[in-house]
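Chains A and B, in that order, give the protein sequences.
In our numbering, each number is its position in the first sequence, counted from 1, plus 116.
In our numbering, each number is its position in the second sequence, counted from 1, plus 110.
It is possible that some hints are incorrect.
Straight-line C-alpha distance at most 25 Å; calculated DSS-like pairs for lysine-lysine [to be verified]:
hint, chain 1, residue 1, chain 2, residue 2
1, A, 204, A, 232
2, B, 311, A, 123
3, A, 371, B, 379
4, B, 128, B, 160
5, B, 303, B, 252
6, B, 390, A, 421
7, B, 160, A, 369
No lab work stands behind these hints, which were simulated from the structure alone.
These are the residues of each chain, in order.
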Amino acid sequence: MPIEIPKDKWPGSIKKVTLGATSAEGGTRAKSVTVGGETTLPYLHFEAPTPNKPVIAIEIKSHRPDDWSPLLGEVWGDAMNDPAQWAKKAEEAGADIIVLALTLADSPEDAVRIVKSVLAATGLPLIVWGPGQAEKDNDLLVPIAEATKGEKLMLGICEDKNYRTIVATAMANGHVIQARTPMDVNLAKQLNILITDMGLPADRIMMDPTTGALGYGIEYGYSVMERLRLAALQGDSMTQLPMIVTPGFEAWKAKESKVGDGVPEAWGDWKFRAIHWETLTAVALVESGADIIVLRHPESVKRVKETIEELIAV
Amino acid sequence: MALSGIQIYKLLPQTNCKECGFPTCLAFAMKLAAKQVELGSCPYVSDASKKQLAESAAPPIRLITLKAGSEVKAGNEVVMFRHEKTFYNKPGLFVRVKASDPELAAKVAKADAYKVNYVGMDFTIDGFAVEADGGDFVRAVKAVRDTTKRPLILIADDAPLLDSALSLLAGESALIYAAESSSYEPLADLAKKHKSALVLKADSFDAFADLTQKVQAKGVEDMVLDLGGKNLGEWLTRSTQARRLAIKANQRAVGYPTIFFAGQNGPEKEAVYAAQAIAKYAGFVVLDTFTPELAYALLVLRENIYTDPQKPIQVQPGIYEINSPNADSPVLVTTNFSITYFSVANEVEGSGLPAWLVVTDAEGMSVLTAWAAGKFDAERIAKAIKGFDVASKVNKKRIVLPGHVAVLSGELEEELAGWEIRVGPREAVDIPAFMKQALN
Ligand code: B12
Ligand code: SF4
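So here's chain A without its partners, still in its complex pose (with noise of 0.2 Å):
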């Protein structure tokens, strides 16, 4: 007897998110990516096509950060010492876009000269994230936003605290927003109202519904993407934005891939140990819909990137 396959048909689809911006465009970027378009779920070729390959970026931080891992420290060596040669290594590690994340010792002045350095040495791109707290997060996103208009940059990270002055210049200088919520598709959602709300257009969003890494949560952050994403297809408009995820930044801070001593003798190698938990973390949430995956090790960027090449081969 013929079998009939089970194909899915859903009323809706994700929008399309553009960033970066050519000379053509305004901008000064070498090529700009885009993200989203699907219209079902993951990597199912049978019922739809992937439009836009989920991409990679590499995290890179405004000053030498002191609390990464040593293993980081080997593979980018002095150039963490400077973003924009940190940006340049990144590129040539195989970044789609570069994420540069700032910090609370960044003034405004400071702030903007590194992302213009970083601007001026690679032409990926970029990605700016404040360093987490709102006041300090608008005092160096709002000049950043200025000095950069029309290149068409991702800011965040915005949440429910810190949305209203980085959407704002966003929408003032034709930048893109992150915007992040932890783990729920209720809240996901009205992060999206609110910032619609206020005029930016969903084409310049993308969610980041937070992610957990390998063994510190990550099934929680999988299936929170798996809901949003069946809830985008099904119609929901609010929840029909490309996700971006930062399994780099998790992973790395779980103690298997921080550290190499005094750990258990069967956790084995310490490297392979670290490689394994950024790519697994990467890859469990590429399944479950990521479009924008931020990873900070370039061997993990290597066999995420070839992950996606053989999920997208038809």
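With chain A fixed as given, assemble chain B with the ligands onto it according to the hints.
What follows is chain B with the ligands alone, placed relative to chain A:
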């Protein structure tokens, strides 16, 4: 497909005799639909109804159990996404060895002895796959069986050879790999003879449906499907389709667990291949590489994906003694989310320093989640300190809070008059240094 209460009711005697312990047949039917009672409680169900009810109660994906000194189960899944209910039977992780490999016994011994603890649970590899590759297969199987008690998968296409090897595994349920439509008969006979499960290979679902029927006709019920797929994308598609056919289309003919070979495109890709198989519906995952770091990562991923979303893994609230504390040892406070508790307990234990660890009832949430949800506040902490009578255990009335909830210290000072409130580091890794420097 599972029947509704009303559909079940129609199959019952409808006499409301109450012998089942329920006031009406309908009430009993509702309980049956919810799987809270057994059909056997009603003495009057007709044989025809029994048959129908049994069929409807059969799981959409057949449960396959491989057995030797330990057991591995696959199948019995009921949803596409874990948030819809939960995933039940964790895919068995098997390590493949080749019969010709002179290191075979040593490799098996190493993987067999592997044990890793994750938040209080011990995880191991589930079994081994032995592949006939020109070496002495029967001797290899014997060597493996002498080394491990775990279930085996036997990979060979020569039926007499498999027969001899399976004869070594009397009383076990092994898995035979693999029958194709051109050659299934001798292998199906073997599966029946040795009470083994049989892997089937085919290149379409039509062909699978055809083959499972034929194998069933030979008297074999326990089957596993090798869906093939040359890369991640193909496997994802096939695996998703198989799961949908079983669960959504109720296609019993393909309602069997699947097996996936993670090493097929080289060791570089093995971790990712296995990870996708774990997340996306595999019943058995075969690795070619065994390293502790790979096994650990995959075992944790598997645990995470198969955790019941309704119940966070938690530990019992209480006061825990680490490294035999005495009246001068410090008191640390944390929540009862398993991951949180073990992150902290492992660090304290590793420091070699004694301490009391007060685990508050935060409904199984992490420090910040519980704090944000109002389940880890000054009041609750104070209640725990008083409830567990911490004061009677120590000389110095001092507690250490997680750094992430430093904001609670003021309020807590009010709640716990006479206690000194200290704020510890944010991350557990920094606890040993903190205990050495700041807590003397
Ligand atoms: C997984 C998760 C969840 C899961 C719950 C998991 C669980 N069982 O707890 C879910 C999805 C259910 C959830 C829900 C919510 N969450 Co939540 N969640 C997370 C997430 C991603 C990881 C938390 C985690 O498991 N960490 C790992 C554990 C081990 O960390 P930990 O408990 O803090 O322990 C560490 C340290 O604190 C330290 N430590 C622990 N004890 C002690 C003791 C001492 C003495 C010392 C010194 C140190 C120490 O050691 C550990 C290892 O370093 C975080 C964000 C993140 N990536 O951290 C958000 C986060 C905690 N959640 C947050 C929020 C707001 C919520 C919600 C209120 C929102 C909502 N969705 O409605 C709800 C609340 C729950 C409810 N109302 O039911 C916020 C909290 C914001 C804040 N700063 O207050 C966070 C930080 C996300 C964010 N950035 O906004 N969440
Ligand atoms: S015992 Fe059977 S017939 Fe009697 S009430 Fe219960 S279900 Fe109905």
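Do the hints match the structure? See the list:
1. For the hint linking residue 204 of chain A to residue 232 of chain A, the alpha-carbon distance of about 13 Å falls within 25 Å, and the restraint holds.
2. For a cut-off of 25 Å, the pair hint linking residue 311 of chain B to residue 123 of chain A stands: about 23 Å separates their Cα positions.
3. Taking the CA atoms of residue 371 of chain A and residue 379 of chain B, the gap is near 24 Å; set against the 25 Å cutoff, the hint holds.
4. About 19 Å separates the Cα atoms of residue 128 of chain B and residue 160 of chain B, which keeps this hinted pair within 25 Å; it holds.
5. With a C-alpha separation of about 19 Å, the suggested pairing of residue 303 of chain B with residue 252 of chain B holds against the 25 Å cut-off.
6. For the proposed pair residue 390 of chain B and residue 421 of chain A, the alpha carbon gap of about 19 Å is at most 25 Å, so the pair holds.
7. Straight-line distance between C-alpha atoms of residue 160 of chain B and residue 369 of chain A comes to about 56 Å, which puts the hinted pair past the 25 Å bound.
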